[in-house]
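Following the hints, put chain B in place on chain A, whose structure we already have.
In the order they appear, the protein sequences are chains A and B.
Using our numbering, you'd call the opening residue of the first sequence number 1 and step up by one each time.
Using our numbering, you'd call the opening residue of the second sequence number 1 and step up by one each time.
Note that these hints are calculated values from the structure, not bench results.
The beta-carbon is built from N, C-alpha and C at its ideal position, and this holds for glycine as well.
Please note that the accuracy of each hint is not assured.
[What the hints assert, rightly or not] Now the in silico label distances, taken between C-beta atoms and shown as ranges:
| # | chain 1 | residue 1 | chain 2 | residue 2 | range |
| --- | --- | --- | --- | --- | --- |
| 1 | B | E211 | A | K190 | 41 to 47 Å |
| 2 | B | H18 | A | V95 | 33 to 39 Å |
| 3 | B | D250 | A | K190 | 33 to 39 Å |
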Amino acid sequence: MPERSSCERTTLSTKRRLSEIQELFFSALRDEPEPFATRIEPIAKLSPQECIRIYSRGYSVRLTDALGETFDATWWILGDEDFFKLSGKYIYSTVSHCYDLSDYGYDFPKFLSRQALAAETPFLPDLARFEWLFKEIFHKPNVKNEIDGGIGFAENSRFIPSSSAKLLSSRYPIYDIWKLRSGPIEELSKIDLSTSQNLLIYKQESQVRVRMLDADEYIFMRALFNGNSISATLDIALEASPNITPDRIRQIFSDIAQAGVLLPKLEEA
Amino acid sequence: MILNSLVGVGLRPAHYPHLENSPQIHSNFFEAISENYMNTEGRPLEMLLKVRSHFPVALHGVSLSIGSDQGIDKEYLKKLKILVERTDPIIVSDHICWSRSPSGNSHDLLPLPITHEALQRVTANIDLVQDFLGRQILLENISYYLRFKENEITETDFVVEMCKKTGCKILLDLNNIHVNSVNHGFDPVSFVNEIPPEIVGQIHLAGPSQEEGYLFDTHASHVPDEVWSLFKYVTDKGLRVPVIVEWDEDIPDFEELEKEVLSARKILLRKDNVVHETPAQ
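Here chain A stands alone, though its shape is the one from the complex (with noise of 0.2 Å):
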């Protein structure tokens, strides 16, 4: 390596100065505040180490708030000393990258899903992912209806999901499980954990709506939303469900169609 002169090495030393500065503080945010503490003076009678914990709490204050925030039923569901237990281990071992806190977390319900705290309420992890798209839809547009109930179409058409809807599949009653977030934690008693759901969540007139499908239903959309032609979509719901009337289809069709939630998806010329 050339030797470099004096006055580059001070230009690069400086350089350096602020981007180290920053790696340090950032660090010291998540608890490795000894490096960083020798380059402060502290204020008012604080130590150094006081100092920096005002803002290492702070930032574990505000993820867990964001968190707390999306998920709100799955706190309910823990109760405060374990979500808080969880929440700091996930906070921990996930940094936060996008500058909107409402975008962290998206990984808190896998993370969830290999807890062992959270195996004792197995419906956790989807309880979580449910809330994650509640909040999604939460933020995008309305959708617009700009199918007419199948009337029109080609067997070879195709549709693509709007933003604003999304599909979700549980072995668990989550939305009902969801519903009773405010109340008493006794309420969950009178669910039957044993019924499984498929929900459809989107915005419609500035709300997010959550529709609960029938299974054949919940094939045929999701077979649409998959990308599939209406042809392909038929054998997909008929080898799922053999005895599916035309009128069921129809009706399942026009459902859709109402929701919004699919939009033609234009042929490339």
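Leaving out everything else, chain B in the frame of chain A:
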């Protein structure tokens, strides 16, 4: 509309239901936290646009991270520009701080070392932001709870030089000056005197919380006497810029918040202004 006589409040979700009923409002304008409206088409944005149809708004960001050594997040800037175009704000502001590093986002207003290197980085970032937005921005002095051993110049010299080099202005947060003066032990009047009035574009008023051994900038209380005194002092010196009262924790009902607006307006309209009155310590 005379911008310099505007007194308003921070737009907060807690007040949406009240504002939706279109009550009689004393505030002349509202200040919205930019990030709350940049990634949403939901109710927050609907409310902001509704408020904007009746009042001027200012956009006040917390995540621009103007002091990041890695530069400005371009995606953030694009979204901010879209919001600016949608709302046509009278002011676009953020803070003299950093929050983003290659390791992650702190979601906090972290202090910068007050050095020539940091000044160079901040001014380069401001130039980029102002060029991209095609307008002047304001930057707020923050509260901070530590100092860097590397500090080379005073905070006020940093601020003045920053404005001189970039043409941006200062959002003078009098509560932050009060908090810092108590925690760091300096005279808030001297601080204010070192800021030329012509570089101040807006004022913030708020109330801190007393923690064990230090004052904490929580925006969780009434504007304290010390901050009112500083406000009287700067207005007596002739400073006339838009004023916002901030309240972010333990938020009172809107009428209670507007009492602070009326107090601020009363001070602005005082006929017996005494030049260079010294505020109570």
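K190 (chain A) and D250 (chain B) - C-beta distance against the hinted 33 to 39 Å: About 36 Å separates the Cβ atoms of D250 (chain B) and K190 (chain A), which means 33 to 39 Å holds.
Can you let me know if the beta-carbon spacing of E211 (chain B) and K190 (chain A) is within 41 to 47 Å? Holds, since E211 (chain B) and K190 (chain A) (Cβ atoms, about 44 Å apart) stay within the stated range.
Consistency of beta-carbon spacing, V95 (chain A) to H18 (chain B), with hint 33 to 39 Å: holds (38 Å)
Violated hints are absent here; each numbered hint is respected by the structure.
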